[in-house]
Amino acid sequence: MILDETDRALLRLLQQDADQSAAALAKNLDMSQPAIWRRIKRLKEEGVIKGVALNLNREKLGLGVTVFLGIKLATKGRVSLEDFERAVKAIPEVQQIEHVLGLYDYRLRVVARDISDFERVLRRRIMTLPGVGDLEANVLLSEEKRPGPI
Amino acid sequence: MLDDLDRRILRYLQAEPDMPLSDLAERAATTPSVASRRLSRMRSDGTIVSKTVLIDWAALGYEVEVSLRVTLDKTQPRAFDAFIDAARDVPEVIEIQTFLGRVDVRLSVVARDMADYQQVYRDRILTLPHIAEVEALMHVARIKTNAGVPI
Chain D
11 MILDETDRAL LRLLQQDADQ SAAALAKNLD MSQPAIWRRI KRLKEEGVIK GVALNLNREK
71 LGLGVTVFLG IKLATKGRVS LEDFERAVKA IPEVQQIEHV LGLYDYRLRV VARDISDFER
131 VLRRRIMTLP GVGDLEANVL LSEEKRPGPI
Chain E
38 MLDDLDRRIL RYLQAEPDMP LSDLAERAAT TPSVASRRLS RMRSDGTIVS KTVLIDWAAL
98 GYEVEVSLRV TLDKTQPRAF DAFIDAARDV PEVIEIQTFL GRVDVRLSVV ARDMADYQQV
158 YRDRILTLPH IAEVEALMHV ARIKTNAGVP I
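Residue numbers (our numbering), protein chains in the order written: chain D, 11 to 160; chain E, 38 to 188.
Next up, chain E with everything else stripped away, as it sits in the complex:
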């Protein structure tokens, strides 16, 4: 279980993941060696999964981001696995999520512009196996991003 110090460390680290260890320890009111021990414990027990860089796709010329909500043909026993395996091979897919609800799978797809998106959609997405229905939501703006979880 996490104690108060673990939670303080995670809260500050979540707000600023590349904060130096000495600053993190100071804010969490502990010493760098204790903070470092706590961090390595939380890494090994899986509380901290990973640290990854966030890529701004627009800076690389991918101006369009679309959320595709997919319903699968559930009469096909392997529909989920086959669909997800095939979706992994589409480079423009940056995220794959599965759901319980009206939507089965959601893909986040980036494209350079609308013409590029149309091509990706027709050639790479609609050819994925076992699709029953697809709905598209076009991103206009992000109002709040990666706000972090309440710890």
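Excised from the complex, chain D in its bound form:
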């Protein structure tokens, strides 16, 4: 889908706050409310807006530690990727799984209450997955989403 300037401005506003009313968006972009609704509807239909995310403060929820794990499978060919994926998907502390090409096969985002809780998840849940070989952990210090090329 090709975006015009108004679509871009609208997307940038919705990236900051998806809860804004159509009235507020209309005022901000100097457009009518029905025009805003039409544009949002079209962006959703075209799949450009794929959903809404709720961003929570993890510390306030008692989840102080986020770790990214790079995992290389040890016995490629012998352990099926499907078995690994099925097992890792079922771990509640694993928020995100990406299949990647490069130094690692998979990249996992793991949340835990603290470092000792993370150690528990790592030893009992991750290290026991079928086929896990080399593993690298990096503790997340900060993250920011950027608007991207729109």
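For the record, the hints were derived by calculation from the structure and aren't laboratory data.
Incorrect hints may appear among the rest.
[Stated by the list, open to error] Derived lysine-lysine pairs resembling DSS-like cross-links, with alpha carbons at most 25 Å apart:
1. Lys155(D) / Lys181(E)
2. Lys155(D) / Lys51(D)
3. Lys88(E) / Lys51(D)
Assemble the complex: chain D is given as a structure, and chain E must be docked to it using the hints.
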């Protein structure tokens, strides 16, 4: 501190962030006015940071997504700040994360195709200040996304 009702509200809202308030209240076994009060309290105390739309970059023609793991030259005292400030100016960078570990900073970069990626990489990424080493991981598939946090 969050009580059981707060957690129930967050759990349902996290699973379906654009759920109408009346449905949310019903599932969390409370009334819309109580749910609304709880939500505004959790917004003002910072438990709920924001609600944002998720953009499908592929739908906009950005077919390639690469994770760049960057190690910085730590002999430069301002390496982190200078690098991150400059990375913010690259439109193709959709996420910036900093780490404790072997990797210092990770950038998520989108591009239209491999040729476009190569250009962005050469002209905009490798010219960022204080890079000691860069490794690239190419996204093949997302197996689990935004599963939410265990509340």
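Now the hints, each set against the structure:
no., hint, result
1, Lys155(D) / Lys181(E), "19 Å, holds"
2, Lys155(D) / Lys51(D), "24 Å, holds"
3, Lys88(E) / Lys51(D), "18 Å, holds"
Comparing the model with each earlier hint shows no violations; every hint is respected.
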